[in-house]
Amino acid sequence: MIFKWKQVKNHRLMTKLIVTYIFITVIPMALIGLTAYNQYTKSIEEQVGENIPKLLEQAHEQINAYLNDIRQLPDLLYNSAQVIEVLRKDTFQTNSSLLQDQFIVNSYLTKTFINGGNPDILGVFILSKNRLFQSSKVSYTGFESIALPYGQDMDLNGKQAIILPNQTNLRFKDAPPYILLMRQITDTENRMNLGTMFIAVDMSSFKSIFEKINTKQQAQISLMTNTGYIIYHSNLQYIGRINKHLADYPKINGSFKTTNEDENRLISISRTGSEDWILEQSIPLKNLTERTDLVRNTTIIVFVLVVLLSTIISIFLAWNVSRPIHRLTSLMKKVEKGDFDVDLPIESSDEVGMLAKSFNSMVLEIKDLIKQNYQIKLQQKEAELYALQSQINPHFMYNTLETIGMAVEEDEEETVVEMVSLLGRMLRYSISNKEKVVTIDQEVQHMQDYLTIQKIRFEDRIEFYIYEKIDTNKYLTPKFILQPIVENAIKHGLDHQQNFRIEIFISSQMNLVKNREEVLFKIIDNGPGMPKEIVTQLTNELESDPLGKRDARFGLINVHGRLAMMFGEQYGLKIESQMNQGTEVIIVIPLMKLENLGIKMGGGGEGEDEKN
Amino acid sequence: MKRRVSLFLLLILFLAGCSQKPAYEIVYSSGEVKTQSETNEKRQVTIALVPKLVNIPYFNAVEEGAIEAGEDLGVHVIYRGPAVADADQQIKIINELINEKVDVIAVSANDPDKLVPVMKKAQSQNIKVITWDADTHSSSRELFINMVDPETLGRHLMDTLAWNVNEEGDFAIITGAESAANLNVWLNWIKIQRREYYPKMNLVEVTASDDDPHKAYIQAKQLLAEYPNLKGIIGNSSVGPPAAAQAVKEAGKSGKVAVVGLSPPNPMNEYLKINAAQVVTLWSPKKLGFLTVAIAANLIEGKKPYDRQDIPQVGKISVKDDMVIMGEPIDFTKENVDQYDF
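Protein chains in written order, with my numbering: chain A, 1 to 612; chain B, 1001 to 1342.
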């Protein structure tokens, strides 16, 4: 059980939902359909079961009436005083008078019974004091079988009896079904037994009675004695057989159905009647419910349609619920693998929509956090590494030392001293790279030193000017933001220009949009400039991915990236350039006051101590 | 695991339950059919017949019929009557029968008035009381079994005499007890019929024999002596015709004085054959006895007689109000008298 439950639990949500939907729609539908059909069938059975006995009762009454008529027949005998006189006579007579008596009685029987009002009479027999009087419509055999066992002394106590064909050998031509009514002829005046009269009655007239109650084609109607002997049957070949089940039938007037047969039947019986005869009608239940088949089929079709519809709806609903979840799962897997560039479209405002929304904001949050905590640090390390590398640029060192060496050879002591002291100051500035932020004048000093060395080295091919419009020792700037730009400018500028000039403007401005003050560094050279396409490309690179790729322009991008990282994307550098006109690089950083240093930047104080 | 086992067991039980379903399931029943033993449960009933008197052929024949019916219908029949046609004797007998707690008392009353109190007493003790042959007041009995329609009989008796005397001359009537209601009704109808159809006939005297054969014989002789022109005698009760026939025979007037009336055929057989009597009329007293018992037995079962009812071994009866009429009267002549035995 537990194992199975686990299996169930492990199924997909969609499967579970579909199964549940189908269960809660199909099972009630099936139950309702089944119950309705059963109830309908049952009510039809009950209705028929109630109606048929009434019909049977009527038919039974007709049969009883018919039998009553038959029973009256012997009374006709009393109408003839002559016949009664013959019957009262002694048998010790001459043959001629015996034959005369026989003639009298036989002709009366023929006249009254055979040619009389009742066409169903097959034959009439009178046994009286060893005499047999008879008259019959058709030829017959085997009447002796009745005459012998009963013989002369038959005493029915005045009652009537019905002899069935199975109790006698009497057979008529063409073997019509018949019953033999036996009745004692009593001399009511003398209170004597005159003999016994037998009237054979053709049962064929029952056919019309049976047809009236045969409402269904397949119904079988039979008239039985209480021992099960079938006196008459709608199917003539059953006449004379014994219904063995009769003894097991419920002892009721009414209807019941069989339950154990291949083809169950509804049986109705009527047991009313003076003869203890039983009228039975038996209909296969199948025929009875023929008309309900349409209802059943319709029900089944509707059921199948509803099941299909509900299945489709349930699949759709389940899919609707599980699909966003499924998509969420795959997106989560993507995020798990490190791809945070995912976006779950929000299609609805339900729980799933809210989930998608939360997921999206969560991914965004994660993305930001990663950016802040991980990537920024990584970039900073890289930047610092670069700065470190650029500080002790071996090329620059080599060139400077060579220049110093040349100056020593030429014995220019002043130049040597100046260069060594400049270089020394630069190295000192570079080495103290623990501090990330310095005052602007320190950065500018560093730049001045660098440019001075380059100027000495290139012997006035370089001119430079630094304009400070603000009080530079009061404001702060990140380290090494100018050097990569200036280095780059000199590198390109000296290759193409005989008189390279570089100007650095430091100013402040009020950004009205951001509502805060900014510091602007403008580095203008008269170098070869850049074509527009490259400027655009460069600008795009700066804007799109400040922390991204590394290439030849790494210097610029590194500066921009660091600034963006430190102050936000709105800060950084902009490049404007025109071919053969020069390049203008503008660096924008927020205005940071020295007195706020302690609060803003933890590492600031240390650098200042070293400087002092 | 345990749960699975118990489920399995439950399933087996369920299937077992299914297989034991009855072979027939009742859909509709309008009532159980009583078994044979229930319907046959019958109390032994006792039916008492009180004739006017015993030991005359007529009432002996009634007794035969009643006893036969008792055997055929399975009831106990008591046949008890006074030695002479006397109402007081009958009262005594009825009181005895009440004490014996019989179920039905059927009386052939000698006096319609005198018997009323004792018959009411019987009714108050839940005994069914009917009358046969001779009636009492209708308040004291449930029904009256009459042998024939009194009008038919009275008129017919007059007719039989008229046929044999050519519708003219004097005649006398010997009746039974003067108080017997049935005899007086017949007598009345005889007179009416004479008045209507036979103006030439003259009724000279009506004598009462009190159903005493000897007394009747004396009276017949007196009538013959007193009225030498007497053409015929009607015996209005069963003792009359034999006595009259005997007197006529002894007077040597056979064929000259016609004798008709009510009598069983056996006592008249000889007289009819020697023409001392011409026609006697009666019904079968055996049949009357049988019918009385049969109707009494039906009453106990709560079945009242109805018109055109077919009583087995009796035939059809007719019913007018509370009077049952057994059938038509039979005429006995010398031709057919041998056919009858009562």
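These are calculated hints, taken from the structure and not from any lab test.
There may be inaccurate statements among the hints.
[As the list claims (entries may be wrong)] Sample of chain B residues with no beta-carbon within 12 Å of chain A, all distances over it, derived:
| no. | residue |
| --- | --- |
| 1 | 1022 |
| 2 | 1113 |
| 3 | 1125 |
[What the hints assert, rightly or not] Facing chain B, according to a computed beta carbon distance under 10 Å, are these residues of chain A, among others:
| no. | residue |
| --- | --- |
| 4 | 47 |
| 5 | 85 |
| 6 | 259 |
| 7 | 425 |
Backbone N, C-alpha and C fix where the C-beta goes; we use that ideal spot for every residue, glycine too.
Okay, the hints, checked on the actual structure:
1. A beta-carbon of chain A comes within 12 Å of the beta-carbon of residue 1022 of chain B; the shortest separation is about 7 Å.
2. Non-interface call for residue 1113 of chain B relative to chain A: holds, since the shortest CB-CB distance, roughly 33 Å, exceeds 12 Å.
3. The beta carbon of residue 1125 of chain B is kept farther than 12 Å from every beta carbon of chain A, the shortest such distance being approximately 32 Å.
4. A hinted interface residue such as residue 47 of chain A counts as satisfied when its beta carbon comes closer than 10 Å to some beta carbon of chain B; here the least separation is about 9 Å, so the hint holds.
5. Evaluation of the residue 85 of chain A hint against chain B yields a held restraint, the C-beta minimum of about 6 Å falling below 10 Å.
6. For residue 259 of chain A, the interface hint holds, the least distance from its beta-carbon to any beta-carbon of chain B being 5 Å, beneath 10 Å.
7. The beta carbon of residue 425 of chain A is not positioned within 10 Å of any beta carbon in chain B (closest approach about 91 Å), and the interface hint is therefore violated.
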